[in-house]
Amino acid sequence: MSATSYTIVNLPDQRTATIPKRNYLNNEDGLLSWLFTGDHKRIAILYLISITFFFFIGGAFAGLIRLELLTPQPDLVASDTYNKFFSMHGIVMIFLFLVPSVPATLGNFLIPIMLGAKDLAFPKVNLLSWYLYWIGGLFTLAALVLGGVDTGWTFTTPLSTHYLNTHVVTAATGVFIIGFSSIFTGLNFIVTIHRMRAPGMTWFRMPLFCWSNYAASILMVLGTPVLAITLVLVALERLVGIGVFDPTKGGDPLLFQHLFWFYSHPAVYIMILPGMGVISEVISTFSRKRVFGYTAVAFSSVAIALFGFFVWAHHMFIMGVSNYSALVFSLLTMLVAVPSAIKIFNWAFTLQKGSITFETPMLYAFGFLGLFTIGGMTGVFLGALGMDIHLTETYFIVAHFHFVMVGGMLMAFLAGIHFWWPKMTGRMYPESLSKLAAVTTFIGFNLTFLPQFILGYLGMPRRYHAYPPEFQVLNVLSTAGATVLGVGYMLPLLYLGWSLKYGAIAGNNPWQATGLEWQIQSPPLTENFIETPVVDHEAYDYEWLAHKTAQEVTTVG
Amino acid sequence: MDNAIVATHPHTHETAVAAEHEHIVLPQHRHHFETKEQQREAATFGMWLFLLTEIMFFGGLFFAYLLYRNWYHDAFVVSSNQLSIPLGAANTAILITSGFFMALGVWAAEVQKKGLLVLFLVLTTFFGVAFLGIKAVEYHEKWEKHHIPGAHFDVSEFINPQAYGLKEKPLAPDMAQKTQVFFFLYFAMTGMHAFHMILGVGLLFWLTWRANRGEFSSGYVAPIENFGLYWHFVDIVWLFLFPLLYLINRHPGS
Ligand code: HEM
Ligand SMILES: [Cu+2]
Numbered sequence: 001m002s003a004t005s006y007t008i009v010n011l012p013d014q015r016t017a018t019i020p021k022r023n024y025l026n027n028e029d030g031l032l033s034w035l036f037t038g039d040h041k042r043i044a045i046l047y048l049i050s051i052t053f054f055f056f057i058g059g060a061f062a063g064l065i066r067l068e069l070l071t072p073q074p075d076l077v078a079s080d081t082y083n084k085f086f087s088m089h090g091i092v093m094i095f096l097f098l099v100p101s102v103p104a105t106l107g108n109f110l111i112p113i114m115l116g117a118k119d120l121a122f123p124k125v126n127l128l129s130w131y132l133y134w135i136g137g138l139f140t141l142a143a144l145v146l147g148g149v150d151t152g153w154t155f156t157t158p159l160s161t162h163y164l165n166t167h168v169v170t171a172a173t174g175v176f177i178i179g180f181s182s183i184f185t186g187l188n189f190i191v192t193i194h195r196m197r198a199p200g201m202t203w204f205r206m207p208l209f210c211w212s213n214y215a216a217s218i219l220m221v222l223g224t225p226v227l228a229i230t231l232v233l234v235a236l237e238r239l240v241g242i243g244v245f246d247p248t249k250g251g252d253p254l255l256f257q258h259l260f261w262f263y264s265h266p267a268v269y270i271m272i273l274p275g276m277g278v279i280s281e282v283i284s285t286f287s288r289k290r291v292f293g294y295t296a297v298a299f300s301s302v303a304i305a306l307f308g309f310f311v312w313a314h315h316m317f318i319m320g321v322s323n324y325s326a327l328v329f330s331l332l333t334m335l336v337a338v339p340s341a342i343k344i345f346n347w348a349f350t351l352q353k354g355s356i357t358f359e360t361p362m363l364y365a366f367g368f369l370g371l372f373t374i375g376g377m378t379g380v381f382l383g384a385l386g387m388d389i390h391l392t393e394t395y396f397i398v399a400h401f402h403f404v405m406v407g408g409m410l411m412a413f414l415a416g417i418h419f420w421w422p423k424m425t426g427r428m429y430p431e432s433l434s435k436l437a438a439v440t441t442f443i444g445f446n447l448t449f450l451p452q453f454i455l456g457y458l459g460m461p462r463r464y465h466a467y468p469p470e471f472q473v474l475n476v477l478s479t480a481g482a483t484v485l486g487v488g489y490m491l492p493l494l495y496l497g498w499s500l501k502y503g504a505i506a507g508n509n510p511w512q513a514t515g516l517e518w519q520i521q522s523p524p525l526t527e528n529f530i531e532t533p534v535v536d537h538e539a540y541d542y543e544w545l546a547h548k549t550a551q552e553v554t555t556v557g
Numbered sequence: 001m002d003n004a005i006v007a008t009h010p011h012t013h014e015t016a017v018a019a020e021h022e023h024i025v026l027p028q029h030r031h032h033f034e035t036k037e038q039q040r041e042a043a044t045f046g047m048w049l050f051l052l053t054e055i056m057f058f059g060g061l062f063f064a065y066l067l068y069r070n071w072y073h074d075a076f077v078v079s080s081n082q083l084s085i086p087l088g089a090a091n092t093a094i095l096i097t098s099g100f101f102m103a104l105g106v107w108a109a110e111v112q113k114k115g116l117l118v119l120f121l122v123l124t125t126f127f128g129v130a131f132l133g134i135k136a137v138e139y140h141e142k143w144e145k146h147h148i149p150g151a152h153f154d155v156s157e158f159i160n161p162q163a164y165g166l167k168e169k170p171l172a173p174d175m176a177q178k179t180q181v182f183f184f185l186y187f188a189m190t191g192m193h194a195f196h197m198i199l200g201v202g203l204l205f206w207l208t209w210r211a212n213r214g215e216f217s218s219g220y221v222a223p224i225e226n227f228g229l230y231w232h233f234v235d236i237v238w239l240f241l242f243p244l245l246y247l248i249n250r251h252p253g254s
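Sequence lines, in order, name chains A and B. Each residue of the first sequence is one higher than the last, beginning at 1 in full-length UniProt numbering. Each residue of the second sequence is one higher than the last, beginning at 1 in full-length UniProt numbering.
Everything labelled a hint here was simulated from the structure, so no lab data went into it. Hints may contain errors.
Covered by chain A, according to a simulated footprint, are these stretches of chain B (three or more residues, beta-carbon under 8 Å) [what the hints assert, rightly or not]:
#1 38 to 45
#2 60 to 66
#3 179 to 191
With a cut-off of at most 25 Å between alpha-carbon atoms, the simulated BS3-like pairs for lysine-lysine come out as follows [stated by the list, open to error]:
#4 B:K145 to B:K169
#5 B:K36 to B:K142
#6 B:K167 to A:K124
#7 B:K169 to A:K249
#8 B:K145 to B:K114
#9 B:K169 to B:K142
#10 B:K135 to B:K145
#11 A:K435 to A:K501
#12 B:K36 to A:K249
#13 A:K501 to A:K21
#14 A:K435 to A:K353
#15 B:K145 to A:K249
Everything numeric in this text was worked out from a predicted model, so none of it was measured. Yeah, the Cβ is synthetic: ideal placement off N, Cα and C, and Gly gets one too.
Work out the full structure, taking the sequences as your base and the hints as a guide.
Encoded structure:
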């Protein structure tokens with residue numbers, strides 16, 4: 001299908017040059033109407049605000065870490081304070097930002113609409129999971145205020161159960177509660193996708209965003225309980241002083257490793273899959289083509305989810321799993337790269353011969369492609385047994401996971417926010433500024449984390465607050481990059497905030513995209529659709545869009 | 001475009017004929033479902049998924065148990081002989097009975113017999129509470145025998161069983177230490193199970209109250225059905241715990 005004849009009209013829809021008089025934002029007034037809402041869109045907004053808040057807290061700690069590493073001497077803080085910094089940075093970024101990021105905000109907002117439903121299957125459970133998020137978040141902050149945690153985000157035993165006198169129990173309780181928030185979100189998505197699709201919305205007409213969130217939900221539902229019980233055991237062990245994990249009392253720390261990574265490796269995909277979904281939507285829209293190999297991309301999400309459960313032990317190569325099982329896990333790890341590669345190639349084929357335009361979301365998506373590819377390939381290095389033993393616990397690891405998670409997921413998150421902002425708020429943001437932000441982020445990111453690959457390769461260990469002087473140049477570069485990156489993250493906060501009041505009216509479908517969400521008004525009605533839509537076309541069918549009459553627009557939205 | 005036809009009140013198709021009869025508003029059909037059937041299916045599916053997460057949750061504990069049982073076999077055998085089979089067996093019988101009444105309760109809701117439903121829910125609750133009572137007796141016994149891991153756990157009885165009138169093989173001191181691991185897991189697993197029972201009993205009170213108001217006597221049975229699934233799940237967990245903790249590897253003479 002060639003699609004060159006369509007252009008992107010980045011202009012308000014003439015028929016709705018004002019914000020619709022009634023929409024989900026103004027349907028009811030007052031703080032309480034938000035705090036007790038059952039509307040998936042409002043809950044998404046609540047999450048967006050909360051997650052942004054925690055992101056900047058985690059970011060502040062990143063800043064402090066980088067500041068300390070500006071010089072080889074430990075001059076800013078003592079080593080245990082430094083440990084608390086990176087632990088807090090990790091815990092906040094992983095559990096309070098990355099895991100919920102796309103699902104809880106964009107997923108909540110979009111999945112029901114994309115399926116043609118009025119809401120998620122369990123609106124009250126959805127609200128509950130937002131409250132759980134905050135209760136867990138407050139526990140985590142309490143742990144910080146009371147004196148911090150210094151185990152790293154992994155709560156590794158016996159460090160966490162025995163040797164350190166910090167607020168492990170408080171922080172673990174926080175993470176436990178946040179875990180249930182994520183379980184409930186996943187459960188809600190799965191049931192909604194199975195049971196609430198509009199007539200004609202078959203599995204293979206679903207947008208890929210739904211598929212990828214579906215896959216991530218499977219991981220949340222199956223993996224998170226294992227993390228939860230592990231943390232219960234850590235907390236109990238610490239409180240009662242008994243050894244399930246503590247070797248001096250007959251426990252085995254390796255058991256902790258198994259249980260923890262059984263969750264935490266799949267968790268990496270919880271963090272990245274929803275982002276991949278965003279990228280599929282954005283790339284399709286701005287190259288005006290159906291995603292190449294739609295079915296393969298859809299299934300690869302599920303494949304990643306399932307394989308993800310079989311590779312956890314690659315985190316334990318240096319901890320004494322047997323050589324034989326290390327080999328098996330190494331091979332399995334390579335295997336899980338295959339579905340990811342399928343996605344990358346399919347996006348590339350989608351772009352090929354598409355009529356590409358570089359709107360802001362597309363810039364972020366390109367950032368994602370570049371950075372995620374680097375992150376993924378270095379991951380394959382690490383999966384290779386011999387390499388891993390050399391590079392584990394060095395800055396190479398730090399660079400690797402920041403490329404995947406920050407370069408990947410955060411770019412995807414920003415791509416998604418910019419893509420759906422007009423739908424969520426009814427307004428556009430200033431284009432030149434947003435493009436500037438995308439470029440700044442990209443440059444800042446590379447400046448921050450490329451030097452860390454080299455540092456790691458040269459042997460600088462992670463989690464130390466002092467280092468040999470010959471590493472200083474690279475560290476200074478990295479800190480400078482972090483500053484640029486920080487600016488790149490602040491900018492959207494400013495202009496998106498500004499746009500809420502002053503942005504141009506977006507209209508229903510500023511990008512001329514095909515998803516159901518673009519066929520209704522922006523911002524949507526509380527019930528999303530006036531009448532339940534009947535879906536009669538594939539996802540990303542630009543022909544269908546071109547032929548759709550104004551009449552049809554009103555019936556759906 | 002004109003959106004006025006979309007009602008500002010979200011409960012467009014909410015009608016509950018039975019409810020009007022009894023002058024109470026029943027939350028039977030929520031606005032975002034197309035049909036009651038869809039709502040019921042979603043609720044059941046959601047419940048099954050939730051139970052799946054519960055399986056994974058308990059799975060972590062079972063994994064730990066199996067691992068340590070293999071490593072510290074002798075300590076686990078000796079410790080498991082300290083549990084009371086009669087009490088455990090009584091509990092098993094009681095729990096199965098309560099599960100039986102729960103199943104009858106679901107049936108009563110389906111055939112819309114309010115009186116029977118309330119009766120069966122009350123019986124379920126009664127046996128659930130009895131189970132917890134016996135558990136409390138057992139925990140108390142562990143306390144008296146210094147088998148509660150942590151502060152005042154005492155291994156001397158396992159190192160020198162004869163002095164305590166036990167017929168067990170004596171354990172080497174470091175193996176004797178491992179009995180703590182057994183008891184820790186015993187408390188973690190039965191405690192987690194008991195916690196689920198307590199939640200269940202709380203829910204039973206609430207459901208009984210609602211059943212008594214007649215909420216489930218008009219064809220709306222999803223809450224009862226789904227609670228039934230939960231209750232049976234909790235039963236089944238116990239059916240694994242009982243043999244694993246109490247029965248396995250009993251040897252003659254103990
Ligand atoms: C301005 C951007 C950031 C900078 C400069 C930065 C820097 C760092 C540094 C220096 C470490 C410590 C490594 C060590 O000593 O082992 C670290 C750890 C970590 N970072 Fe970041 N980071 C940034 C953003 C993020 C983001 C956005 C996330 C997640 C969304 C993230 C997730 C993590 C995690 C999970 C750890 C591991 C913490 C631990 O070892 O417990 N970082 N980061
Ligand atoms: Cu992994």
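Quick rundown of the hints versus the structure:
no., hint, in the structure
1, 38 to 45, "holds (count 4)"
2, 60 to 66, "holds (count 4)"
3, 179 to 191, "holds (count 5)"
4, B:K145 to B:K169, "holds, 18 Å"
5, B:K36 to B:K142, "violated, 50 Å"
6, B:K167 to A:K124, "violated, 57 Å"
7, B:K169 to A:K249, "holds, 21 Å"
8, B:K145 to B:K114, "violated, 47 Å"
9, B:K169 to B:K142, "holds, 20 Å"
10, B:K135 to B:K145, "holds, 15 Å"
11, A:K435 to A:K501, "holds, 20 Å"
12, B:K36 to A:K249, "violated, 55 Å"
13, A:K501 to A:K21, "holds, 15 Å"
14, A:K435 to A:K353, "holds, 24 Å"
15, B:K145 to A:K249, "holds, 20 Å"
Going through the hint list in order, the structure does not satisfy hints 5, 6, 8, 12.
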